Amino acid sequence: MTRQCPPSAPESGFPLSGSVLAEAAVVFAVVLSIHAVVWDRYSWCAVALAVQAFYVQYKWDRLLQQGNAVFQFRMSANSGLLPASMVMPLLGLVMKERCQTAGNPYFERFGVVVAATGMAVALFSSVLALGITRPVPTNTCAISGLAGGIIIYIMKHSLSVGEVIEVLEVLLIFVYLNMILLYLLPRCFTPGEALLVLGGISFVLNQLIKRSLTESQGDPVDFFLLVVVVGMVLMGVFFSTLFVFMDSGTWASSIFFHLMTCVLGLGVVLPWLHWLIRRNPLLWLLQFLFYTETRIYLLAYWSLLATVACMVVLYQNAKRSSSESKKHKAPTITRKYFHFIVVATYIPGIIFDRPLLYVAATVCLAVFIFLEYVRYFRIKPLGHTLRSLLSLFLDERDSGPLILTHIYLLLGMSLPIWLIPRPCIQKDNLGGARALVPYAGVLAVGVGDTVASIFGSTMGEIRWPGTKKTFEGTMTSIFAQIISVALILIFDSGVDLNYSYAWILGSISTVSLLEAYTTQIDNLLLPLYLLILLMA
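Number 531 in my numbering belongs to position 531 of the sequence shown; there are no gaps in the numbering.
FYI, nobody ran anything at the bench for these hints, they're computed from the structure. Quick caveat, the model's predicted, so the values are computed rather than measured. Note that the Cβ used here is the ideal one computed from N, Cα and C, for glycine as well. One thing to keep in mind: the hints can contain errors.
Stated by the list, open to error - Derived CB-CB ranges, DEER-like:
#, residue 1, residue 2, range
1, Leu283, Ile180, 33 to 41 angstroms
2, Arg278, Arg422, 14 to 22 angstroms
3, Arg354, Ala309, 17 to 25 angstroms
4, Asp247, Phe71, 24 to 32 angstroms
Unchecked claim - Taking lysine-lysine and the BS3-like style, the derived pairs with C-alpha atoms no more than 27 angstroms apart in a straight line are:
#, residue 1, residue 2
5, Lys336, Lys468
6, Lys319, Lys336
7, Lys156, Lys210
8, Lys380, Lys319
With the hints as extra help, turn the sequences into a complete structure.
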């Protein structure tokens with residue numbers, strides 16, 4: 001049961017901070033930019049959604065400050081509802097626009113479904129916040145109701161019956177995942193991060209079920225990603241439920257964990273993938289990984305970088321052991337070493353073999369999530385070792401039982417690779433700013449966020465109002481990304497910007513400002529916004 005605020009508390013009792021207003025201004029700039037490019041009834045829906053999300057975000061922030069939220073959310077940030085609510089709708093809009101230009105009606109409708117689904121889950125989060133706010137915020141309810149009515153009316157007359165059912169299916173999955181995962185994983189997400197992550201998982205799960213039932217043909221690498229993501233989520237839910245009733249730290253539980261992992265992998269995941277791709281998954285994966293000599297060289301190079309990353313972790317922990325302070329934490333520059341390693345990993349993959357990078361990133365995501373399960377459940381023999389090794393690299397965003405920052409980093413770098421509508425791009429040839437779409441994660445997180453953090457923490461003096469971020473950090477971030485674009489033009493012959501330099505500069509600057517003001521997980525949020533702007 002939630003605690004109620006005093007009846008006399010006015011609706012405007014918690015003023016918005018300057019940083020929240022600045023973050024909202026940046027998001028509205030992105031929304032209006034996409035609206036100007038697309039300019040149809042769906043983009044008007046996105047504008048209406050942004051307006052209502054801005055008002056409802058204030059209610060979520062007030063619930064978090066009062067401790068009245070239904071679940072335990074991460075407290076070191078605001079709710080982040082506005083920036084998170086706009087990701088899926090804007091992504092669907094630009095995907096629809098690109099596929100319409102390329103003459104691909106199937107993926108054009110797919111983009112509309114993505115946008116409608118994003119709006120549906122965002123409206124649900126808004127209704128949840130308004131439903132538990134006391135006293136009832138009548139003005140915000142009126143604005144949210146008007147915006148929701150407009151969106152529902154337009155979508156009702158724009159979607160087919162099958163598409164409406166698909167949106168409702170994703171919404172139903174999202175509701176259940178919210179109840180299960182937010183209960184099992186307190187303080188791991190803000191409301192906005194939960195909307196973004198669980199909304200994405202819900203959409204992936206629904207797509208996998210739909211494609212399994214319809215026996216649709218597709219690229220095996222796409223099916224591989226869907227099955228891996230859903231399989232790892234189902235594994236986590238299964239073991240989280242199981243270990244409520246038994247101690248996960250014993251040898252008996254650890255042996256059972258490894259046996260059940262093999263059963264789920266060999267008995268569920270592999271047969272499911274076999275059903276979708278119509279061939280032996282293991283043989284397909286081996287043939288895919290070693291198909292060309294270039295792939296063998298890339299795999300050897302990536303193995304070397306993985307070894308370097310492990311050595312950095314071991315060295316820093318050895319340094320902590322020799323330190324007198326037991327609370328020794330890795331400095332910012334040390335944590336950013338991993339960003340440089342990831343950049344060195346992704347750039348050769350993007351240039352020489354993107355399908356291999358697509359699959360390798362999927363495998364790496366599965367490994368990261370599995371190791372986090374081992375750490376979280378204290379599975380022997382590595383559970384306690386991983387807890388000790390990774391505790392050195394914790395920051396204020398890892399306030400819950402899970403350590404997710406390294407997984408978010410991998411997702412931020414990989415999502416621009418995974419989300420590109422390849423059938424549309426083959427005809428559109430990624431001209432102009434869209435040529436940089438695969439590099440969105442590299443630019444926003446690998447270069448921009450890293451440089452901003454290092455220079456801001458070491459040389460920054462002028463702080464942005466209401467934040468710890470500095471003007472110097474933001475400016476060096478923009479400058480570093482511009483230099484990176486110039487280097488990409490030199491080394492990647494497939495990139496042709498077609499004089500769209502003003503849009504690229506504006507996109508990079510906008511996302512850099514978002515990095516300065518947002519309190520959400522920037523590793524996840526920034527690449528998605530840069531992806532949206534570049535694809536537009």
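Now for the hints, and whether the structure bears them out:
no.: 1; hint: Leu283 to Ile180: 33 to 41 angstroms; in the structure: 35 angstroms, holds
no.: 2; hint: Arg278 to Arg422: 14 to 22 angstroms; in the structure: 20 angstroms, holds
no.: 3; hint: Arg354 to Ala309: 17 to 25 angstroms; in the structure: 22 angstroms, holds
no.: 4; hint: Asp247 to Phe71: 24 to 32 angstroms; in the structure: 25 angstroms, holds
no.: 5; hint: Lys336 to Lys468; in the structure: 18 angstroms, holds
no.: 6; hint: Lys319 to Lys336; in the structure: 17 angstroms, holds
no.: 7; hint: Lys156 to Lys210; in the structure: 21 angstroms, holds
no.: 8; hint: Lys380 to Lys319; in the structure: 25 angstroms, holds
Hint compliance for this structure: every hint is met.
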